[in-house]
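Trainee: Chain A is fixed; fit chain B onto it per the hints.
Spelled out, the chains give:
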Amino acid sequence: MIQLKTMMNCIDNSGAAIVECVKVMKMKRHAKIGDRVIVVVQKQRNFSESGPGASVSTSAANKVRRGDIRHAVVVRTAKKLQRPDGSVVKFDDNACVLINKAGEPIGTRLNGVVGTELRKMKWSKILSLAPMHL
Amino acid sequence: MAMPTPTLRPLSCWKSLLRHARHQKVATRSLTTYHKSVTFSKYEIPTPGASIEVTRKIKTYPPPQSPAQKFKEPLKDFTKHQISILDPTGARTHLFSKTNPEAAKVGDILLVRLKTGDPFAGVCINIRRRGVDTGILLRNELTRVGVEMWYKIYSPNVEGIEVVQRREKRARRARLTYLRKPKHDMGSVQNIVLAYQRSRGAMRGSVQEKKGGKKGKGKKK
Numbered sequence: 001m002i003q004l005k006t007m008m009n010c011i012d013n014s015g016a017a018i019v020e021c022v023k024v025m026k027m028k029r030h031a032k033i034g035d036r037v038i039v040v041v042q043k044q045r046n047f048s049e050s051g052p053g054a055s056v057s058t059s060a061a062n063k064v065r066r067g068d069i070r071h072a073v074v075v076r077t078a079k080k081l082q083r084p085d086g087s088v089v090k091f092d093d094n095a096c097v098l099i100n101k102a103g104e105p106i107g108t109r110l111n112g113v114v115g116t117e118l119r120k121m122k123w124s125k126i127l128s129l130a131p132m133h134l
Numbered sequence: 001m002a003m004p005t006p007t008l009r010p011l012s013c014w015k016s017l018l019r020h021a022r023h024q025k026v027a028t029r030s031l032t033t034y035h036k037s038v039t040f041s042k043y044e045i046p047t048p049g050a051s052i053e054v055t056r057k058i059k060t061y062p063p064p065q066s067p068a069q070k071f072k073e074p075l076k077d078f079t080k081h082q083i084s085i086l087d088p089t090g091a092r093t094h095l096f097s098k099t100n101p102e103a104a105k106v107g108d109i110l111l112v113r114l115k116t117g118d119p120f121a122g123v124c125i126n127i128r129r130r131g132v133d134t135g136i137l138l139r140n141e142l143t144r145v146g147v148e149m150w151y152k153i154y155s156p157n158v159e160g161i162e163v164v165q166r167r168e169k170r171a172r173r174a175r176l177t178y179l180r181k182p183k184h185d186m187g188s189v190q191n192i193v194l195a196y197q198r199s200r201g202a203m204r205g206s207v208q209e210k211k212g213g214k215k216g217k218g219k220k221k
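Chains A and B, in that order, are what the protein sequence lines are. Count the first sequence with our numbering and you get residues 1 to 134, in order. Count the second sequence with our numbering and you get residues 1 to 221, in order.
It is possible that part of the hints are untrue.
Computed list of chain B residues with no C-beta within reach of chain A, every gap over 10 Å [claimed, not checked]:
#: 1; residue: LYS70
#: 2; residue: PHE96
#: 3; residue: ILE192
#: 4; residue: ARG200
For the chain B half of the interface with chain A, some residues (derived, Cβ under 8 Å), not all of them [unchecked claim]:
#: 5; residue: LEU142
#: 6; residue: GLY146
#: 7; residue: MET149
#: 8; residue: TYR151
#: 9; residue: LYS152
Bear in mind the hints are in silico, worked out from the structure with no lab data behind them. The C-beta atom is built at its ideal place from N, Cα and C for all residues, glycine as well.
Here chain A stands alone, though its shape is the one from the complex (with noise of 0.2 Å):
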């Protein structure tokens, strides 16, 4: 149930660690699992590995900042959501998936379980990226 102002864990590799929405697109309601929505990066992630030295290296690998206005696929949610064959899905937490305008996903990697809704959504590429799906 990802709607304005819903804020939303991005599991990219991208640089943004907390996403809100702004925007859900080519609808008038909420956003489940494999919709698209606009978004603003609200929080970046500082990558623990690179350690407090590279931080000039960080800022680098960061592909979006703090403020950007970037499109975004939601790949978990919270709300459950019913298949056709009867079963429901429930996260935990509300996550999604930077991408550019023409659907690419801005991140190399993903870390975290998605939904299987994306395949039938054609995300195919996230589907390629996300260590498992569910």
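Mentor: Coordinates of chain B only, in the frame set by chain A:
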């Protein structure tokens, strides 16, 4: 000269009237006679009051059985019929029946094998008993994200449900929703499930090695 007109003597008309009436009375009395009807036909015409004797018997049929009597609890029968189709062996019903002491209960770690896709394992935190719509809620942690899945136990998509590990003590709640709280969260049960699968694979391997090998390959894909 005074004319004896009826206008002058209004009561004079009574005399003629009464005379006329007397005459009529005599006439009616003379006409009233006892009449006996004589039938001229051979067959007696039945009088309306008399009962008619029927010689030919009319065939009668009993009323059809009322559907309300035939199907006393239609929904119950329908559910039973559906379950008999979806679960012919009755194993699934037995696994979740309340009378079975070996049944799967809330708090147990269950593994749901699916016909399409990977099996899903998790702690059962809710069993929703609704006849053919009976479902179970499993919770697990995948890649450090909590995931909950509802599965219908009679779904044709569900190949099998296995009890991986039982809860040591019976849960004193019907729904263990408190397992979502960080204090009570069991975290990932993947290790327990993997150990269970390995032990099952070893057991199966001793009996029929070929099948186990094939299954392992299938899972890797």
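Trainee: Examine each Cβ of chain A, and state whether all of them lie more than 10 Å from the Cβ of LYS70 (chain B).
Mentor: Non-interface label on LYS70 (chain B) holds, nearest chain A Cβ at 32 Å vs cutoff 10 Å.
Trainee: ILE192 (chain B) clear of chain A by more than 10 Å, beta carbon to beta carbon?
Mentor: holds (18 Å)
Trainee: For the hint on MET149 (chain B), does the least C-beta distance to chain A fall short of 8 Å?
Mentor: holds (6 Å)
Trainee: GLY146 (chain B) was flagged as interface toward chain A. Is the shortest Cβ-Cβ separation under 8 Å?
Mentor: holds (3 Å)
Trainee: Given LYS152 (chain B) was flagged as interface, is its beta-carbon under 8 Å from a beta-carbon of chain A?
Mentor: holds (5 Å)
Trainee: Was ARG200 (chain B) rightly flagged as not at the interface, with every chain A Cβ beyond 10 Å?
Mentor: holds (22 Å)
Trainee: Does the interface hint hold: is LEU142 (chain B) within less than 8 Å of chain A, judged Cβ to Cβ?
Mentor: Holds, because the Cβ-Cβ distance from LEU142 (chain B) to chain A comes to roughly 4 Å (cut-off 8 Å).
Trainee: Checking the smallest CB distance to chain A, is PHE96 (chain B) really beyond 10 Å?
Mentor: holds (16 Å)
Trainee: The hint names TYR151 (chain B) as touching chain A; please verify it with the least Cβ-Cβ distance against 8 Å.
Mentor: Status holds, d = 5 Å.
Going through the hint list in order, the structure satisfies each hint without exception.
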